[in-house]
Amino acid sequence: MDSLLYGTGLAAVAVNALTGVLDAGRKRMDLVGVTMVGCATALGGGTVRDLLLGRPVFWISDQAYLVVALATTLVVFFAVRGLRLPPRLFLVPDAVGLALFTAIGTQVALDWQAPWLVASLLGVITGVVGGVLRDMLCNEVPLIFVRGELYASAAWLGALVLVGLQALGASAVAAAWSGMAATLAARLLAMAYRITLPTYTERK
Amino acid sequence: MDSLLYGTGLAAVAVNALTGVLDAGRKRMDLVGVTMVGCATALGGGTVRDLLLGRPVFWISDQAYLVVALATTLVVFFAVRGLRLPPRLFLVPDAVGLALFTAIGTQVALDWQAPWLVASLLGVITGVVGGVLRDMLCNEVPLIFVRGELYASAAWLGALVLVGLQALGASAVAAAWSGMAATLAARLLAMAYRITLPTYTERK
Amino acid sequence: MDSLLYGTGLAAVAVNALTGVLDAGRKRMDLVGVTMVGCATALGGGTVRDLLLGRPVFWISDQAYLVVALATTLVVFFAVRGLRLPPRLFLVPDAVGLALFTAIGTQVALDWQAPWLVASLLGVITGVVGGVLRDMLCNEVPLIFVRGELYASAAWLGALVLVGLQALGASAVAAAWSGMAATLAARLLAMAYRITLPTYTERK
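Protein chains in written order, with this note's numbering: chain A, 1 to 204; chain B, 1 to 204; chain C, 1 to 204.
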């Protein structure tokens, strides 16, 4: 389980750094700006989770995460700059990163003895904070708040699947894969069919 | 004193969640966006206080705060959506939440052996950070920075009253109530009479 | 070395508070808004560094930093309000604050046993986060992300000089001064000659 978490964590960091670079690039940032947004997107969610739990921050004591985030940022920056990319291209890796980080964050919080509701919320935080930071650094309303499509709710669904299956006696690995699949499926279906949640609208 | 702090804390969480929902609703967010803004407004100030003090974060180990914040958000969301509310309606609960959180935050910091000036500032942070997060997530200049009416200064006044009365030998309970009353009175009077502080203006 | 770090830290806090006041003043904030932006600019970078490292936050247990930040803010507020200042005036103290905080942050992280790459990044974070907070509180895209001139990269250069010289056996004091000089020189030369990094641009 630990090595699964570790490998998944490195993959999630790379995927999220990729989305940060693609998004930051559209703001015509320079190399350092893109690097910082890429790293904030990749490392932000897990950092907030660790601070809230009072755990040591995951990328401080182990340089591997930071190296992966920096390397991904640099490779993507030089590979795609000059290319004209469809603006919605980054939504699929973004959904993969959301699924991976949410499952990891929930599992880490459970391992740290957080109560189940708090653990599921910390999973959502791990999944979405990177993207929120990305959008705030670019001075946009975070997309998850206005988009109307399932996003944080897809993450929460996956976190609750993971927590629920473990409570029912499933193995940690099976619960983690099921949670990831639930988040990813909900997010992709919501994008494909534009599934939305009720919106707060005032009567005209 | 501890049970007073606990009950006041739960009430302050509910009141702040209410203001978050009312404010976020005007941005036409969906249910999850409103929930996240409501929880950030309700839990943000105390979270920053606990991180700065190196204390365990208050809502991580005790699920009650999170349950109250979520329940308030859901009830308010479904109760008021579709209603057309006066935009300044939420300013009175906002003032109550400011007074409660500031007194709690100052007391918690004093209990944690922070020096008095730091404790009063941590009280202000506990009181105002929720609203600042709310405004930043909605991509507005935080109102406390532009409004000109007393806001953080009303909080600071209450924090200094609490610290001062305790230094003079008052009981913790009396000092807490006096601090809350001072913040609330200063904020309500400032709104009613548009009392403002000097503004930094450049000569034309 | 410790007293050098302490004195430099107090000077950096004062310089950064100055830039915060000058910048916030242009937004016509009132006294409290200016004070909060000044303190956030002065204390934000070191606070994030300490939270990430799991260290006690530097200004919580020692009131001197907070007193210096508040006093600088008040003096500058009343000294310069009403004056018409050239908008780029604050760029030189900003460069000095960047150089001081980056060197301090890198050294503190090394003392706390952070790996070298992480330590250099924590130095950059200590140097730039204050200014990023300042810009986010004023609802601007943080200048370091759009400006194109060397900024975070100047800080990183200084941090790597400090780390590298210490690895080569230089004394901590000599490495710190060299790192500060490298950051300051790179930043001032970049401003004078408009040196920029490659920008991410999509082909038309």
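Hints should not be assumed to be uniformly reliable.
For identical chains, the list gives no copy identity; a pair is met inside one copy or between any two copies.
[Unchecked claim] For lysine to any residue, the following SDA-like pairs were computed, each having C-alpha atoms within a straight-line distance of at most 20 Å:
| id | residue 1 | residue 2 |
| --- | --- | --- |
| 1 | Lys27 | Pro198 |
| 2 | Lys27 | Met136 |
| 3 | Lys27 | Val96 |
| 4 | Lys27 | Leu188 |
Because the hints were derived from the structure by calculation, they are not lab data.
Note that the structure is a prediction, hence the values are computed from the model and not measured.
For each hint, the structure was consulted:
For a Cα distance limit of 20 Å, the shortest separation of Lys27 from Pro198 across copies, 14 Å, qualifies, whereas the shortest one inside one copy, 31 Å, does not. Within a single copy, Lys27 and Met136 get their C-alpha atoms as close as 12 Å, and across copies as close as 16 Å, so both meet the 20 Å cut-off. Neither within a single protomer nor between protomers do Lys27 and Val96 lie at most 20 Å apart by alpha-carbon distance, with minima of 23 Å and 28 Å respectively. In this assembly of identical chains, Lys27 and Leu188 lie within 20 Å of each other by CA distance neither inside one copy nor across copies; the values are 26 Å within and 25 Å between.
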